[in-house]
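Colleague: One-letter residues, chain by chain:
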Amino acid sequence: MISLKKKTENKIVSSEKNQAKHIIAKAVMIFLGIFILLYILSFLVMILWTLNSSLKGDRLFTKEPFGLLDFNDIRWENYSIAFNKLTNSKFFESLNDYVYFDYWKMFLNSFLFAAGTAGMGIFMNFLVAYPMGRYDFPGKKFLFNMAILLMVIPVVGNMSSSLYVRRVLGIYDNMFLHIITASGGFGMNFMLIYGAVKSVSGSYVDAAKIDGAGDFTIMTRISLPMVFPLMFCLFMIGFTGHWNDYSTILVYLPSSPNLAYGLHLFRSTATTGDGITDPQVLAAYILVAIPSTIFWCVGQSFVLENYTVGGLKE
Amino acid sequence: MEEKVIGNQIKKKFPWKERIFIWALLAYPLIQLAIFYFYVNISAFTLAFKELNVDMSYKWVGFDNFVKVWADFVAPNSQLMTAFFNSIIKWLISFTIRTPMVFLLSYYVYKRMPGALFFRIVAMLPTIISSFVISLIFKSFMSNLPKLLATYGVQMPNVMAIENSQYHFGVSVIYAIWLSWNTAAIVYPNRMNSIDGSLIESAQLEGCSLLQELWYIIIPMLIPTFTTYTVLGVSGIFSDSGPLFALWSYRVAPEASNIGYFIFNKTTNTGGGDPTLWYSYVAALGLMTSVISVPLTFGVKKILEKADPMND
Chain P
1 MISLKKKTEN KIVSSEKNQA KHIIAKAVMI FLGIFILLYI LSFLVMILWT
51 LNSSLKGDRL FTKEPFGLLD FNDIRWENYS IAFNKLTNSK FFESLNDYVY
101 FDYWKMFLNS FLFAAGTAGM GIFMNFLVAY PMGRYDFPGK KFLFNMAILL
151 MVIPVVGNMS SSLYVRRVLG IYDNMFLHII TASGGFGMNF MLIYGAVKSV
201 SGSYVDAAKI DGAGDFTIMT RISLPMVFPL MFCLFMIGFT GHWNDYSTIL
251 VYLPSSPNLA YGLHLFRSTA TTGDGITDPQ VLAAYILVAI PSTIFWCVGQ
301 SFVLENYTVG GLKE
Chain Y
1001 MEEKVIGNQI KKKFPWKERI FIWALLAYPL IQLAIFYFYV NISAFTLAFK
1051 ELNVDMSYKW VGFDNFVKVW ADFVAPNSQL MTAFFNSIIK WLISFTIRTP
1101 MVFLLSYYVY KRMPGALFFR IVAMLPTIIS SFVISLIFKS FMSNLPKLLA
1151 TYGVQMPNVM AIENSQYHFG VSVIYAIWLS WNTAAIVYPN RMNSIDGSLI
1201 ESAQLEGCSL LQELWYIIIP MLIPTFTTYT VLGVSGIFSD SGPLFALWSY
1251 RVAPEASNIG YFIFNKTTNT GGGDPTLWYS YVAALGLMTS VISVPLTFGV
1301 KKILEKADPM ND
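For the record, the sequence lines run as chains P and Y.
If you're matching positions, the first sequence starts at 1 in the working numbering and goes up one per residue.
If you're matching positions, the second sequence starts at 1001 in the working numbering and goes up one per residue.
Watch out, some of these pointers could steer you wrong.
As the list claims (entries may be wrong) - Straight-line Cα separation of at most 35 Å, DSBU-like style, residue types lysine-lysine; simulated pairs:
1) Y:1147 - P:21
2) Y:1139 - P:140
3) Y:1068 - P:198
4) Y:1306 - P:26
5) P:141 - Y:1266
6) P:209 - Y:1017
7) P:140 - Y:1306
8) Y:1147 - P:140
9) P:140 - Y:1068
10) P:85 - Y:1147
11) Y:1111 - P:85
12) P:198 - Y:1111
13) P:26 - Y:1111
14) P:21 - Y:1017
15) Y:1266 - P:85
16) Y:1139 - P:141
17) P:17 - Y:1111
18) Y:1147 - P:63
19) P:26 - Y:1301
20) Y:1306 - Y:1068
21) Y:1306 - P:17
22) P:141 - Y:1301
23) Y:1139 - P:63
24) P:105 - Y:1306
25) P:198 - Y:1139
26) Y:1266 - P:105
27) Y:1068 - P:21
28) Y:1306 - P:198
29) Y:1266 - P:198
30) P:21 - Y:1302
31) P:141 - Y:1068
Think of the hints as simulated: they come from the structure by calculation, not from any bench.
Quantities reported herein were computed from a predicted structural model and do not represent experimental measurements.
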């Protein structure tokens, strides 16, 4: 029998251990809070520094790169100069001439590429996810396992082959053809939409069938509206990603520079001279960042609440 | 699927209209997959065994390209070997640092602790503003930072300068980790929100501390999502070039390079000659690294799925 004294001692030790655990947990949370504060500051300092420096004259920036700007000499013209300098030219063999891409042309290319690629991608994902999630048919399990394998199998070094195939098919450097051929129906977005289609209650479908609805009507009037919020969320994420994608343009669509690729070319020019000052270069960075920031501000609450990822299983 | 009774058997009848509808939806995606995935990868496979002729046609050369890749790999001061090990080291460092921090940070956000909302917004900045623009801003900032520190008597080299290439690998790893917290800010907290609140409440009633709640309840529920991201990360070890191109364009020092950047550079950089001349070499290199990364990816997937407590 354990004496009363022993029981009390055990209780005190247990209570002290519990207190210690809570104290350690609090200490970890405080550490995380400090880490987050430093992380937020690191971004804010950099972005504020960029904004501050973009409004300086070149001499002041060279002398005091981290000093506050001179409020009596704010160089708003840095932005107009950067806007005009964000121009690229490409030689088109078909025209035997150079074509110039200013900010607005590159903006249009960015919009077409981002909206087209993201939209086509989501559409293709839905085309695959809907029948897979809604019906049971021969070959479904094979396709699903293939979808998982395609996500997991690493493919290294097929860029050269991809370029070769696109040149042979005549798709290379054509934005419209690239958009309709580049987006596959599988991948992470397929898994997410598949899960959403599966979660649509069968009772809605049964009720629609009783009313005489066919497969296409059920898809467009019942399932699609229900999974549309997730699809829009994925579209927003894809749009932002493709808006900022310069490597795909550089590799596959060099004649349709978007803002990100245009900035890459601008940066190359700026480092080799051409009378562009460092504050003007920073102003160009801000000009390229503005459109995507606005798009994100419009759609961000939607994305933040709806984006979640599960496991690689049915 | 309709059921039809024939005698004492129930036969399942698959309506033809439904079947046509299903395969009509799947037709184009499967054609796209066949051409732009399977054909491209089969083409990459065969390209590895070919060489470009002067007349721009390809001729069969057997394993010559693989021999060239291997010779470059084992050569003294091999850039390819450096790139190979840089890819692995970069992933290992990133995984080791990020894994515990991602769980802790996402738990912090889930608990709506002070600053969690700002963290969510800031962590998404590289996605919003463009990681490319962020990298250019980062480069400008870091290039000028030594001047600021010098005024306080602190000597710091310009780690972004081409001549200080010994710092480039470290900078690229730190930079990649610094930009990669969006899963901690968005994905994991959203997943945590789907956990049944009554589980958390009963744990709290039992006197569970925050860390115990995280370890015994939250993390087991996150394993499937963690598995997804880890498996995808492992599969991209040799294809991910990281921020190298954004930070240094085509002037990345060999000691900072990785396989993903090496391939990208050879395939697109016209400054080093005609990129098409490198297609076969790169295809062979890709196949050789795939031989390593495919079993590695499936191995990691198997281990993590075994570790998933939901699979017990």
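Colleague: So, for every hint listed, does it hold in this structure?
Modeller: Status of the hints after comparison with the structure:
1. Y:1147 - P:21: At roughly 46 Å apart (the allowed maximum being 35 Å), residue 21 of chain P and residue 1147 of chain Y break the hint.
2. Y:1139 - P:140: violated, 49 Å
3. Y:1068 - P:198: violated, 50 Å
4. Y:1306 - P:26: holds, 32 Å
5. P:141 - Y:1266: violated, 39 Å
6. P:209 - Y:1017: Holds, because 14 Å separates the two Cα atoms, which is no more than 35 Å.
7. P:140 - Y:1306: Holds, at roughly 25 Å.
8. Y:1147 - P:140: violated, 62 Å
9. P:140 - Y:1068: Judged against 35 Å, a Cα distance of about 43 Å means the pair is violated.
10. P:85 - Y:1147: Given that 35 Å is the threshold and the Cα spacing comes to 28 Å, the pair holds.
11. Y:1111 - P:85: violated, 47 Å
12. P:198 - Y:1111: Roughly 30 Å between the alpha carbons, so the hint for residue 198 of chain P and residue 1111 of chain Y holds.
13. P:26 - Y:1111: holds, 13 Å
14. P:21 - Y:1017: Violated, because 63 Å separates the two Cα atoms, which is more than 35 Å.
15. Y:1266 - P:85: Measuring from Cα to Cα gives roughly 29 Å; hence the hint holds.
16. Y:1139 - P:141: Roughly 48 Å between the alpha carbons, so the hint for residue 1139 of chain Y and residue 141 of chain P is violated.
17. P:17 - Y:1111: holds, 23 Å
18. Y:1147 - P:63: holds, 9 Å
19. P:26 - Y:1301: Judged against 35 Å, a Cα distance of about 34 Å means the pair holds.
20. Y:1306 - Y:1068: Violated, because 40 Å separates the two Cα atoms, which is more than 35 Å.
21. Y:1306 - P:17: holds, 32 Å
22. P:141 - Y:1301: holds, 19 Å
23. Y:1139 - P:63: This hinted pair holds, its Cα atoms lying about 18 Å apart.
24. P:105 - Y:1306: At roughly 52 Å apart (the allowed maximum being 35 Å), residue 1306 of chain Y and residue 105 of chain P break the hint.
25. P:198 - Y:1139: violated, 46 Å
26. Y:1266 - P:105: holds, 30 Å
27. Y:1068 - P:21: violated, 58 Å
28. Y:1306 - P:198: With Cα atoms ~26 Å apart, residue 1306 of chain Y and residue 198 of chain P stay inside 35 Å; holds.
29. Y:1266 - P:198: violated, 44 Å
30. P:21 - Y:1302: holds, 34 Å
31. P:141 - Y:1068: violated, 41 Å
Consistency with the previously given hints fails for numbers 1, 2, 3, 5, 8, 9, 11, 14, 16, 20, 24, 25, 27, 29 and 31, ordered from lowest to highest.
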